[in-house]
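Student: Below, each chain spelled out in residue letters.
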Amino acid sequence: MTSDGRLEKVLERGEFAVTSECGPPRGADPEVIRKKGELIKNSVDAINVTDNQTSVVRMSSFSSCLILKQLGVDPVMQMVTRDRNRIAIQSDILGAAALGINNILCLSGDHQKFGDHSTAKNVYDLDSMHLIQTVKRMRDEGKFLGGDEIKGVPKLFIGAAANPFADPFEFRVIRLAKKVAAGAQFIQTQCIFNLDRFKKWMDQVRDRGLHEKVHILGGVTPLKSLGMANYMKKMVPGMDVPDELIARIKGVDKEKRAEEGIKICVETIQQLREIEGVHGVHIMAIEWEEMVPRIAEEAGLLPRPKVE
Amino acid sequence: MIIGEGKPIKEVLSMIEPYSKIILAGCRGCVTVCSVGGEKEVGILASAITMAREKEGKPIEIKEVTLERQCDPEYLEQIRGIVDEYEAILSIACGAGVQFMAEKYRKTPVYPGINTKFIGVTEEQGVWSERCQSCGDCKLHLTGGICPITRCAKSLLNGPCGGSSRGKCEVNPEIDCGWQLIYDTLKEQGRLDKLEVIIPINDWTTSRDGGPRKIIREDLKL
Amino acid sequence: MRLSYPPNIKIIQVPCTGKVDVIYLLKAFQNGADGVYVAGCMEGDCHYLTGNLRARKRVEYTKKILDEIGIGGERVEMFNMSAAQGTRFVEIAKEMTERIKALGPNPIKKSKSSLKNSDVEGQP
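If you read the protein sequences in the order shown, they are chains A, B and C. Under the working numbering, the residue at position 152 of the first sequence is numbered 166, and the numbers go up by one with no gaps. Under the working numbering, the residue at position 182 of the second sequence is numbered 183, and the numbers go up by one with no gaps. Under the working numbering, the residue at position 74 of the third sequence is numbered 69, and the numbers go up by one with no gaps.
Calculated from the structure, these hints are not laboratory results. Errors might be hidden in some of the hints.
[What the hints assert, rightly or not] Per label pair, the in silico range of CB-to-CB distance:
hint : chain 1 : residue 1 : chain 2 : residue 2 : range
1    : B       : Glu75     : C       : Arg94     : 47 to 55 Å
2    : A       : Arg27     : B       : Lys215    : 53 to 61 Å
3    : B       : Pro74     : C       : Tyr43     : 42 to 50 Å
[What the hints assert, rightly or not] Covered by chain A, according to a simulated footprint, are these stretches of chain B (three or more residues, beta-carbon under 8 Å):
hint : stretch
4    : 153 to 161
5    : 178 to 188
6    : 199 to 208
Quick reminder that beta carbons are idealized off the backbone N, C-alpha and C, glycines included.
Using the sequences plus the hints, can you model the full thing?
Tutor: Okay, here's the thing in structure tokens:
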């Protein structure tokens, strides 16, 4: 075990894991995170907190994870390399481990052009690959990147992201292999709407034997409306929302579309459970966190297993 | 070469507002090639400024000069004889030239008439794009001749990121994804194995982050 | 054709409007012209293929500069006509003359005349 967290235990036991995420508030009110955490904590094994997602300033992932920890949740701290250099990154890794945050998801991060501070300088001293290597080095070699010894080695379960729907498709699995070689232990994918493409990706994953080296959690997002589906199809880079899905939602009356979105999400999870090499699901119910318990229930994921 | 873009005329006018006698200095180097600071452009800018000032009722005398380069001390010497007759110098060379001009003629205020944008190439007449960020430790041999630091918006050394879509960058759909270009080139050359290896964490001391840079060639010094 | 056109037009002949550069247009205004127009061949009929297309782009660029310095981009214009179109030539001469009359004289002439002891002429 490389951490003391629930997520690692569930995955190592071979159980199908469930994670979800909380978006922190655009303010200093801890209640926002507490409420979201309370809503979903019994439906999941771990909760991610995003790190200034889409470059919009929010309460830090680090502090939000601490708030969740105080609720008894196993938080996954997302960390992007856009805003911090290696000095701040290693410092935060030590701090997170010191506060008992067990999981870290290593990302490059959305370019600041998307957010509300597009005139900022970006950092990208390291990329996500390097961040994975950094955590691994600190944990397994007990050394800083600069070479000095760490007194009080951090324990962390290392995660990374994968996007089977970005281009070039044939390269995505090679990149996944690199992340695994760098030290990634679990993967959360971008939300899956195109199951055929995802299955093809998983074929390539298994061909390389990667499913035995890393735990892959398939990402899912319930579509609240036709507008949301179209937005994600057209405006979000690296997102693949098939036309058949748009048609399916359109084919239902407007008041029933949210329900259909939940239905599609549950069906996706059920299909994911059948794919060899998928060890869990990551439910990203953006600004719809209250649906997570229901989705988990209907997908047959509850109750969560008991872990000591 | 170094590519620049003209500053808005209003901004230039506000810089030279207090003066009635200036030198407008162009450069026959890079800024001539990208049509922003050569002899032609000196003429155009001088005419525009002259008319703008006449309209305000505050005429200005402009000495138009185009030097071979403004980044070599010998060429800057060429205006030594006249510089004291003028109140300021407006230089439309690149940032290096403007600064060198300022260093050489410390008593005379020197103003930048263009914005130096990047090191780049001419894609076609009238279109220039960035290619190099002078990181100081060239990696082009690892990436099929395409720079990940310059052409990837996030300067990823192990890209592409999850926002690469249909060969375009998430930041701007008109910009190619640098890593897609790298992938395509290496694939065409049958050298995709290069991308199976992690390019290590970068040493940024050779780039701007390490502080202003200088090269000394003892073998060339007189 | 012996048609008459307004007497305030000074014609400068060039072998192709592709020869017209931005600096010539600006200098005309600097030396006191109230308006300038470039008369080129019909697009597609340029003997040098793209001369008149380049001229149009340069006229557009000059308009921007004139707007920025407060002279006004409407004072410069590009027109296309064939060499045989005498009546169109006259039409345009009249149109441009009316336009410039409405805009008034070149603003730098007003300022120049209001200056005493001004020894500033056209710049080199």
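Student: Now tell me, hint by hint, if it's right for this structure.
Tutor: Right, here's what the structure says about each hint:
1. B:Glu75 - C:Arg94: 47 to 55 Å: 51 Å, holds
2. A:Arg27 - B:Lys215: 53 to 61 Å: 59 Å, holds
3. B:Pro74 - C:Tyr43: 42 to 50 Å: Since the Cβ atoms of Pro74 of chain B and Tyr43 of chain C sit about 43 Å apart, the hinted range of 42 to 50 Å holds.
4. 153 to 161: holds (count 8)
5. 178 to 188: holds (count 4)
6. 199 to 208: holds (count 5)
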